[in-house]
Structure formats: structure tokens, C-alpha cells
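Asks: Residues per chain are reported as follows:
Number of protein chains: 2
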Amino acid sequence: MTKTTNNLDSCEAFAQLTALQPVGNLATLLTPQRVATAQVAMDDGMWFNYAAKAVDEPILQALQQLADEQQVVSQYRQLLDGAVMNGSEQRMVLHHLTRGQLGADVVHGGTSLRDFYQQQLDRIAAFCVQVHNGEVRGGSGERFTRVCQIGIGGSDLGPRAMYLALAHGQRSQKQLKLEASFISNVDPDDAGQVLAELPLSRTLFILVSKSGTTQETLTNESLVREALRSQELDPARHMVAVTSETSPLAQSKGFLTSFYMDDFVGGRFSSTSAVGAAVLMLAFGETVVKEFLAGAHQQDCLALNPNVDENPALLDALIGVYERNVLGYPATAVLPYSQALSRFPAHLQQLDMESNGKSVNRQGQAVRYATGPVVFGEAGTNGQHSFYQLLHQGTDRIPLQFIGFLREQGGSDRVIQGSTSQQKLNANLMAQIVAFAKGRRHKEANKVFVGQRPSSLIYAAQLTPRVLGSLLAHFENKVMFQGFLWNINSFDQEGVQLGKMLTQQVLGGRVEDDALDAYCRLFQS
Amino acid sequence: MTKTTNNLDSCEAFAQLTALQPVGNLATLLTPQRVATAQVAMDDGMWFNYAAKAVDEPILQALQQLADEQQVVSQYRQLLDGAVMNGSEQRMVLHHLTRGQLGADVVHGGTSLRDFYQQQLDRIAAFCVQVHNGEVRGGSGERFTRVCQIGIGGSDLGPRAMYLALAHGQRSQKQLKLEASFISNVDPDDAGQVLAELPLSRTLFILVSKSGTTQETLTNESLVREALRSQELDPARHMVAVTSETSPLAQSKGFLTSFYMDDFVGGRFSSTSAVGAAVLMLAFGETVVKEFLAGAHQQDCLALNPNVDENPALLDALIGVYERNVLGYPATAVLPYSQALSRFPAHLQQLDMESNGKSVNRQGQAVRYATGPVVFGEAGTNGQHSFYQLLHQGTDRIPLQFIGFLREQGGSDRVIQGSTSQQKLNANLMAQIVAFAKGRRHKEANKVFVGQRPSSLIYAAQLTPRVLGSLLAHFENKVMFQGFLWNINSFDQEGVQLGKMLTQQVLGGRVEDDALDAYCRLFQS
Chain P
135 MTKTTNNLDS CEAFAQLTAL QPVGNLATLL TPQRVATAQV AMDDGMWFNY AAKAVDEPIL
195 QALQQLADEQ QVVSQYRQLL DGAVMNGSEQ RMVLHHLTRG QLGADVVHGG TSLRDFYQQQ
255 LDRIAAFCVQ VHNGEVRGGS GERFTRVCQI GIGGSDLGPR AMYLALAHGQ RSQKQLKLEA
315 SFISNVDPDD AGQVLAELPL SRTLFILVSK SGTTQETLTN ESLVREALRS QELDPARHMV
375 AVTSETSPLA QSKGFLTSFY MDDFVGGRFS STSAVGAAVL MLAFGETVVK EFLAGAHQQD
435 CLALNPNVDE NPALLDALIG VYERNVLGYP ATAVLPYSQA LSRFPAHLQQ LDMESNGKSV
495 NRQGQAVRYA TGPVVFGEAG TNGQHSFYQL LHQGTDRIPL QFIGFLREQG GSDRVIQGST
555 SQQKLNANLM AQIVAFAKGR RHKEANKVFV GQRPSSLIYA AQLTPRVLGS LLAHFENKVM
615 FQGFLWNINS FDQEGVQLGK MLTQQVLGGR VEDDALDAYC RLFQS
Chain E
135 MTKTTNNLDS CEAFAQLTAL QPVGNLATLL TPQRVATAQV AMDDGMWFNY AAKAVDEPIL
195 QALQQLADEQ QVVSQYRQLL DGAVMNGSEQ RMVLHHLTRG QLGADVVHGG TSLRDFYQQQ
255 LDRIAAFCVQ VHNGEVRGGS GERFTRVCQI GIGGSDLGPR AMYLALAHGQ RSQKQLKLEA
315 SFISNVDPDD AGQVLAELPL SRTLFILVSK SGTTQETLTN ESLVREALRS QELDPARHMV
375 AVTSETSPLA QSKGFLTSFY MDDFVGGRFS STSAVGAAVL MLAFGETVVK EFLAGAHQQD
435 CLALNPNVDE NPALLDALIG VYERNVLGYP ATAVLPYSQA LSRFPAHLQQ LDMESNGKSV
495 NRQGQAVRYA TGPVVFGEAG TNGQHSFYQL LHQGTDRIPL QFIGFLREQG GSDRVIQGST
555 SQQKLNANLM AQIVAFAKGR RHKEANKVFV GQRPSSLIYA AQLTPRVLGS LLAHFENKVM
615 FQGFLWNINS FDQEGVQLGK MLTQQVLGGR VEDDALDAYC RLFQS
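As you go down the protein sequences, you meet chains P and E in turn. Heads up, the numbering used here is the position in the first sequence plus 134, with the first residue counted as 1. Heads up, the numbering used here is the position in the second sequence plus 134, with the first residue counted as 1.
To be clear, the hints were calculated from the coordinates, so they are not data collected in a lab.
Since copy identity is lost for identical chains, a pair holds within one copy or between any two.
Subject to a maximum C-alpha distance of 30 Å in a straight line, what follows is the list of computed DSS-like cross-link-like pairs (lysine-lysine): (1) K424 to K308; (2) K311 to K387; (3) K634 to K581; (4) K311 to K424; (5) K634 to K387.
Work the whole structure out from these sequences, hints included.
Replies: Here it is as C-alpha cells:
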């Protein structure tokens, strides 16, 4: 851990990068030739296009040198081989192994962990067949028609975003097996609202908590069990668990069955583990989930390439670091032009901000440069009628990540006034990229667009399960590479601990802090 | 327009503010005494508590001077009296008048506009009675059980957020009259998915477009009409319009009836106009909407007070400007500890970023200071398991806006392991405020919390219709005051125009820009 864990600001390549002239005018950089060629293949007809990013050839060369100097692909290989990359928690980082093997056999406690993850997938698949064919039924003997996941954070945002991304397309193809719902917030109105809408006798619940101790999830479990009992349904016949083998939940008798994960897959990286696979396979079946995992694995393969112009996740990561640490931009907007990706920005917000919102490097020293940015976004074209005003004419520059597809999912596209809805959607997408980059002059000051707003575009023919898996893994790998570049541990989350501890003091009546005590009194009035 | 439209950086009070010593240690500032007293009444048992904001007495005095020097309450009074406050579009700004009158009679074209807005509300109420009692029915003779709003931007985000905020509570009290859905995105998968789930013979659609020309909305209207016809339902018996009297839609025969708005209520401020009232009254009835409007009007009254310690919206605005322009913070997170407010941050994101994401002052000159920040957020406790890591331990400080309630809406709260869900929710909320402000020391660097993260808290007994109206108007008025302080026009949105124009070029086959043409070719491959 010497040469590979430099701070960003002690890298020679970073000094070179900082010394380079930034792109003077994005409008002149963005030629038709560049639009057609400044892109990296992500396979399956999917591309990462960076034509409208403010990076020219000298900057790209310096970024390549930075990647080489920080040995980020080598660090990725170590991670794949089972090195302890989450140093603060002394854990391996193995989410890539949930969708395929690229490194050495990773053995823990005498078990090959690739086999372990695969076994869990196989067990989930076998269980899903029983649910789908009616062998496993609810307490009243009815077939399950709904599935509801109880989980929070990584047990909610990723699986929910993935489900929403595929549900309409699968339903349109008559392939939706069970409709899914999600309960996450400890606010009783969350469970209350979802339970009011569910036919409980036909609903299978999935309780997801790695530790088996998550306050919100266990609280909502109790509300759900009580609701089932109030309809004289045996909760144990309506619930499965996804947890670690060592958690208290794993020993409980209150479940139809349990599927296992382990400490080497972090919550925000767990969509391809049992955490995501159980609900997705119940909703869509095994074939869809296998395609989804294959797409993710494909991006993991591409991420091994040391050449930035053949490694989309690495290039994306490097450009982001350049924008954050050289150009000084504070935030990034994720703008999928796809209603199916309506919650994908919320997932990326967790993935990115929880992984790289850190101030301490892997040697336990405070860093003196910016790390992860604020990430936010909404599905387009909705955002255009909302926050794009600030993106175009505000006083800060916010780099943009567009995502688009040539075709829709649901087969309801129609020609209306000379073009289809999908054509209108994509016309907006392309127009925005150019408007942000080039702007326009105008004699009235408030109609001037300065332009110079950089964006990248990921596009594919259609949002299939495989393409969704690719998208997911692309951003996971981007975030991982950025953590390597910043020399931070992207795989722990110590920042959630203090709030948990103080919450326990409040609930246990053991408040030590006098200000906290005063807030408690406000809320008793 | 001389003294009242100073730039922020030419104000004497701003120079004084900048010269003041910032609060050295938020942890020592946050005493129990301060928690109990550093708050402004919002009436109805609702409070704006700024105890954990990094503003001490000298800073508050300078902020009061800044408000006085910029004459912001006087500008607000001019606005209420019908002054042309949207200068670039030469329009009055009258959303306050949709919920009550506080200034002079505003007469336009011989009509008192307060009367006009009230008449539209009365017409909506009369129509809702006919729908609810079954006098007005769908094409097949069935009663309407669902309402679906077709609109985008301000015709979607605000009304949707308001509907979601009240739906569970109203349903729990058996007061939900029609369940509501929303179609916004031009992506055909949006309409496709919503229509697949709606019982069309029992669904009433509301088409909302002020101009009657919004591309997304008219396209979705066509999809909806086609879907109705495909079930042999007469679209004209399933659709009402909300539009301006001068729009092409207002002349159309294809609606059961039309309700009117005008150019003096901007989309993002239109939740209390016919845009919000139609769907909310169909869903919840007249009483609920009247309470909602009364709550908004109440905040409009409070906003007239020139004393910052009695004007919660003004104080909130001033603290935000201090954080943005003196402390240099780039973003603000909105964190409602209420699942019912799940889309309230998305509404505030539009309200704030579209209003104040501007770089040009009201005299048409570029400003040399930061204006509106990035606004983002999710309902708590979900955010704690997502992006709070960065908020606690990231390299940027992001000011926070917490919102909380003593009681839940739905009556499903239960004691589980010694406390109810609502108690757990609020324990988390209070713990977070203190954790962000005070942080903690630790011998391991990655477990250190530096603290010094400022937050404010708006809290009330329960999220009732009246409290929701108060919340909505509080933020509208905050945004308005910030626009006055920054000397920008918060009421136009020129930043959306360029993208629209380029989109029309693409769809019309008249692309002038060669890079845009190249992007079009990418999407034809």
C-alpha cells in the first residue's frame, strides 16, 4: 500500500493536469466529427459518448497518466482477487463476484464465495418457480400475486430502481409475474399506505437486512406481521428473509425460507446479490435476472482495460475527477430520458454520495481536496420544466450525465403531429446537450445562454434487462475508480453511525447531550 | 426601481455582513436555551426553528439591516398590489391572490382578479360536487372513481406533491373521494404505464397547460384520447381542461368543461390556483382545499412583517443568502421526516432552482455573486441510509432543511420494542440535527465527525391540509424574498427556451447546428 495509495494531490499527473489549459470554448470543441467519434463502446450497442465534455487530447492524455500513476486497474484487480479493499472494516469487496468471476478464486471459511453467491441465486430461482407455479402459497391457500420488499438504503433504493426500470416493459410483454411494492421509511405512514393497497392474502414479503438489526426494517416487519395476523394469516407463510448467515434473522423460524448475503457486499452494491435478485426474480423470473447479471458482468470485464479510451467506467471516473478537482464543480446531475429510470438517480445518489462523501484517506489522514460531489436528478423531459433553468443560466456550472434509448419499452409509441413520443423525447435530449454546450447570444441579457456546460451521454437501443445491468455496473465501477483516484475508502460508511447512536440515546431515555434533550422537549409539546 | 433594486454586493448591510466574524463553533452556540427560543411562530402550532443555523445576534442584526436596505417587504407589498414584478415578461405576479387578498384590488381588463380566481375555485367546487354525487359520469355511464392529471413542470410537480402529502391521511379518514394519478413525461412509457393501470371507463382526466401549447402535455392528451376511444369511450366525456382563457385549448369542444388560470400565476407557483385546486378538490373535496388555501394565506400574512424575528419566510431567506454568499455553500438539502412529503423536495427543487437559477439582475446586467443553490432531498429516514454519509463527512458543507411532525397521518402507529414508529422517526430527526451541528471526536480519523453542519427545522403537530398550505407558501415566499435580495427576476424562466427551440428544429427537420445534426445521426443508428 505505498505507490498505489497516493493522495490525488501528490500525483505528478495531477500536477500536470492542473497545469494544462482548460478547454477554452466547448462550442468550438463540439464538432460533428467529435460527436461521432468521442465515445467508448460499452457493448450490446451501448456507448459512453463524451463529445460534450470539456476534455481535449492533452487533458485525456494526462487523465490516462493519472489512471496509470494511481494504478487504478491494478487496484481493481486486487479487489477482484479478494484483497481487503475496505480497510477500515477489514473486509473484502466482492459485489463483482455476485455476477461472475474475473479474478482468482476467493475462498472464505473454506467456501468459494463465487459458489456461495451462485448457490443463493440458484436457491432463489428454485423458490421462485414454486411461487410462480403455485406450489408455495399464502396462509389462506391463495396464490401469491404480489411481492413486497421491506428494507432501507441499499436494500431499497437499488432493487426498487431496478424493478421500476423493467416493470412496464415486462408487463407490456405479459412477462410480469408478480407486481412489487416496497416499504422502507420508519414513518408509520409508509407501511400504512403500502399495506392499505396490498391484498395481504396474496402478498409475499421479503425482509432484507444484512445485519438483521436495522431499526426501520425490523419495525416495519412488526407492522407487517401484525397486519397479516389481523387478517388471520400466518406471517411465517408470507415472508422470506434475505440476511447474512450470522445475523439473528437467519436463526428465526418466522420465515418460509431465508436467502443469504455476506459482509463482502455493501448495501449500495447489493442489487446483483440476493438483495436485488430475490425481488427481481419473483417479479420477472430467472431469465430476466440472468440477463441483468450478464450485463453487469460485461461492464466489469470492460473495466479491466487499462486504456481509458476502451474503459468507459474509468474514463467517466477520470472526467468526473477533473471536473471536481481541477474545474471545481460542486455537483452532478443525472438525467435519464426514460420514465422507467425515474428512481435511478436516487440509487446513484446513494451509490455515489455514500461511497465517496469522505474526507479521510485510506491512511486515516484528512485529504485537502474535494471528494464526491452532490448527485441529483430526475427523468427527462420532466427536469426540463423544473431545475434546468438553473443548469442553463445559474451561477454555478453543474456537469450533466444524460442517458437515452432509441426505442421505448412498452409498445405504446404513436405518431402525433408528425413525430412519435419517443422521437420527441430524444429530440429534446439531443437539443439539451447542444444547448448546454453551445449556448446562444442574444441582445437581451436574460435570454443569453453562456453555454460551456459539459455533459456526457450513455445511449443504447432499448432499456433491456441486460442494458440495465450494464448501466448499474458502469456507475458502480465509476464510483470505485473515483475512490481509488481520491485514495479514499469507498466501501465503508462511518458517517451513518453517530446519528444511529444518538437516536438510541433518545429512544432509550439516556440522552447525554443537553441540546438533544432540548429538541426532545420541543417534540413533546 | 432605484433604491429597491440594488445588487446584493452593492448593499452596505452586505458589506457589514461579510465583515462579521462567522460563528466559530456551532456546537457551543447550540445551547438548550437556544433550541427552545431560536424559533419563529408560523401559527397553527407550527414553528421555524433556526437554533442549529450558524447565525448569532450580530449576524441576525446585519440580516435585518439587509432586509431593510433591500426593502424586501415593501417589494412584496408592491407585488401584492399588482406591480409588474416580472419585468422581463411585463407581468404582474399574483399567486398570493389565488388564496386571499392582502393588497389593493388588482383589476385587469375590467375584472378584479381576486374575483376571477375565486370564481374559478367556485366553478371547480360545483363541478366536483357533480362528479362526487354521480351527476357527471363517464362515457359508459359509470361513476368516476379516479382522476388523472396530464401536465408537466408546475402543472405536475406541485399538484402531485400536494396530492401525495394528503392522500394517505384522507384515505385513512375515509375522506378520499377519487384516487389521483399523474402523467407528465413525453416518454410514451409514462402514459403507457399509467393508462395500463387505470380503469378508463371510471377515470376523469384533467389536461393542464396554461399556454395550451405544451408539447409533452398535448402529446399525452392524444395518447389518452386514443386509449379512451379504443375502449369506445367518448374522450369529451372524460376530460376537463385547466388553461388560460386565451389559449387554443379554451376554445376546444373536446372537454366536459374548462377552468381558467392566467399569465399572472407562474407554473411553479400555481398549486393554489385552478392547476392544483381541480385535482385536489376532485380527490379530497372542497373543505380540504379551503383549509389548504387558508394555510397558505396565513403564511402570506406573516410574510408582511418587516421584523425578521416575526417573519419566518424572510428569516429563512436571509439565512440562505448568508450561507450562499458569505459562507459559500453550493447546495441545500430538504429533508422531510414524513413519507407523505416524498415528492415535496422535487417540488421545492423546481420552485427554487427555476426561480432563482439566474445570472442576470433586473436591470439586465450580469451579477457577480452566486444566486440560487442546487436543491435536492428525500424523505427521512431513507436519506440517512443514502446520501447522509456525504452530508456528515464529505468535503463540502451542505445546509439542511429538516421538516417534522409530532404525529403521523394514518393512525397505524404502534409501540414496537418500547417506542412507536413515529417516536423512532422523530428520535432520528432530532439526533441528526445534533449530530450535524456538534459532530464528535474519535481517535480513528474516519470515525470523526467535524460537525458544524447547519440546519433548520420546521415542525408542526401533524401534516394537515392547513399545515401543508403553510409549508407550500413558506417556501414560495422564501424564494421570492431571496430573489429580491439578489435583485433577480424570480418569476421568468428564459433558461427553458433554447432547448425548446432546438427541439423544434430537430422535429421539423430544420437543424441548423452541425453538432446537433451529428447527435441526430447517433440516434438513428
